[in-house]
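There are 2 protein chains.
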Amino acid sequence: MSERVYTREQVTLEAVARHARVSRQTISNALNAPHRLAPDTLARAKQAIDSLGYRPNQAARSLRTSSSQLIGFRIEPTRDGINGAVLDRFLHALCEAADRHGYNVLLFAAADDAKEIEGYDDLLRRRAVDGFALAGTHPGDARTAWLAERGLPFITFGRPWGERRASHAWVDVDGAAGTAAAVDHLVEQGHRRIAFLGWPAGSGVGDDRHSGWLRAVRAHQLPTRGLAARGEDGVTTGHALATRLFQQSSPPTGLVCASDSLALGAMGAVTDRGLAAGEDVGVVGFDDTPVAVAVSPGLSSVRQPVEQAAVTLVELLAERLADATVAPAEKLIAPDLIVRPSSTRSTPSLVPSS
Amino acid sequence: MSERVYTREQVTLEAVARHARVSRQTISNALNAPHRLAPDTLARAKQAIDSLGYRPNQAARSLRTSSSQLIGFRIEPTRDGINGAVLDRFLHALCEAADRHGYNVLLFAAADDAKEIEGYDDLLRRRAVDGFALAGTHPGDARTAWLAERGLPFITFGRPWGERRASHAWVDVDGAAGTAAAVDHLVEQGHRRIAFLGWPAGSGVGDDRHSGWLRAVRAHQLPTRGLAARGEDGVTTGHALATRLFQQSSPPTGLVCASDSLALGAMGAVTDRGLAAGEDVGVVGFDDTPVAVAVSPGLSSVRQPVEQAAVTLVELLAERLADATVAPAEKLIAPDLIVRPSSTRSTPSLVPSS
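Going down the list, the protein sequences come from chains A and B. Under this note's numbering, the first residue of the first sequence carries the number 1, and numbering increases by one thereafter. Under this note's numbering, the first residue of the second sequence carries the number 1, and numbering increases by one thereafter.
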């Protein structure tokens, strides 16, 4: 058999109309304006559409309705594999959420933001997508500025960092609430010197996670001075930052980390000092990557509800596509702290605080 | 600004023809049949196309050429996160390879094979894609049978398991070569009783990895009896299988595992016996997931070159789309063994074999 089987067997509007003994316009109305038909006519038309398996040709329909039923999403180059995991989870969730709204996801590769904008431009000129989902927003984001200027339909997974008034609709996870919850949990475990391991200032996401730690530590009236250590993300950095913190005259016994990579390095530094993560030093990571479950002891971590984020994003985008005048929504979702042995003491209340 | 900017500013064929002072047919030829034009006419037409930024409307072009420039790919529901990582790596690589051939990837969600076939049917009826990439082939695969029967253009990442003669083109990684390399490596480290931890028989991929172990162990004239342990994939299973193997009167000192999950559980079982992974028992996993790098000691693992697989798959698909009569190709790619401390002895030659 040849691949042309689909072309040959393509059910036409005419065939459906003949089968239902109605006009082509009636079949078209049944599909696009059912309220125009009497109930029994609509039922007959629908029965014929279903029994012949008719679907309007997508290309012809795109021309007429300007709808491709596709959401464009740029896929980043593969990263170290630890921190890329959360974006991969988001992508799976995005496809499933899109499916429930009758959309598919058009994925395109781009090495950086400039290439991503070129990709948007190309897809729009070809009318290949109806709208966009974006991830990884950051201060001075040229991509969102480009799309917003043109009034194009898009929703970001990530806030418009550094903008006084949001220029677009967004969904995000409350990272500060996550690190604050990690601090509260470590305090409950009896820790009194709780440090933060994070990225250099200016990254939006990183600053947010830092602010949650700062807010919570202050709320507990605990020290903060000299307890925020920062460096580029990675296991090696986590090890170096924790080692430096441990060299202080009164070292921290709690470590809240902006990523599982940093936390993993920090756990290594704990072991190197002959201490036990959990019993001696409480360590909490961020993003609950597969590594957090796999390491021993298991790593406590802040989990982003990316499924909920994806569902909300697609709902907002579908709304926006149906009505261009809808006000840009802003949705902040609370994360979950997953507690594992790396931050748990066997008898928390009996352990003296340092 | 409204989103209609793209509609209003859409550059028409007429505008480009006017700008180049040629006919519309000439511009159309420049795009679709450049060999029909004299070099200077072609140059003038191209210059006008570029300077006005003209792109033929994708929907109109689809109707004419039946080409959407999209490759359909089904994304599986998120898995445990350890073994899902290799398919996520493949997806990134697929998008990048597709991009170099002028294609994007249309992702759709499906919970199982039957839903995946429904997805294919729907996309084909809507003419939304030009062809398909499939992953996760297995014996009695209804999806490939469905596509092959209809003569549709698709390439699988994975062999047609259990078929005497391949019914379609495929790209795959030689899993047996990977487990055989793991055995050779463990033998070099001084091990003489080398076990296999894998999945229940019948999974295609799992049987292939088992066969590589069996072949290599036999080639070294080492024992195999009672040394193949099988169970459902997972860390817990790996722990249970290794524990059982260690209870033998002469337990294995080398463990070749069909996945990093199994290997991770096996490493736990090694530690539980007061032994050291690497020095006492050599452990090798499969898929080189992020977890393999993160655990301590680092886990040796067989790495699938998914980037190479994706590039080859897209090349084969592009070839097939250009010429439906091309013979189905079969490409088997050798994997790489990544050696880490979990299978390395400090002085391999001095360690007596058990």
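Treat the hints with care, since some could be wrong.
As the list makes no split between identical chains, a pair holds if one copy fits it or if it spans any two.
[Stated by the list, open to error] Below, a list of computed lysine to aspartate or glutamate pairs in the EDC-like style, where the Cα atoms sit at most 20 Å apart:
#1 Lys331 <-> Glu319
#2 Lys115 <-> Asp99
#3 Lys331 <-> Glu315
#4 Lys46 <-> Asp112
In case anyone wonders, no lab produced these hints; they're calculated from the structure.
The hints, checked one at a time:
1. In this homomeric assembly, Lys331 and Glu319 come within 20 Å of each other (Cα to Cα) only inside a single copy, at 14 Å, whereas the closest approach across copies is 45 Å.
2. Taking the closest pair of Cα atoms, Lys115 and Asp99 come within 20 Å of each other only across two copies (12 Å); inside a single copy the shortest separation is 27 Å, beyond that limit.
3. For a Cα distance limit of 20 Å, the shortest separation of Lys331 from Glu315 inside one copy, 11 Å, qualifies, whereas the shortest one across copies, 42 Å, does not.
4. Taking identical chains as interchangeable, the C-alpha atoms of Lys46 and Asp112 are never at most 20 Å apart, the minima being 47 Å within one chain and 28 Å between chains.
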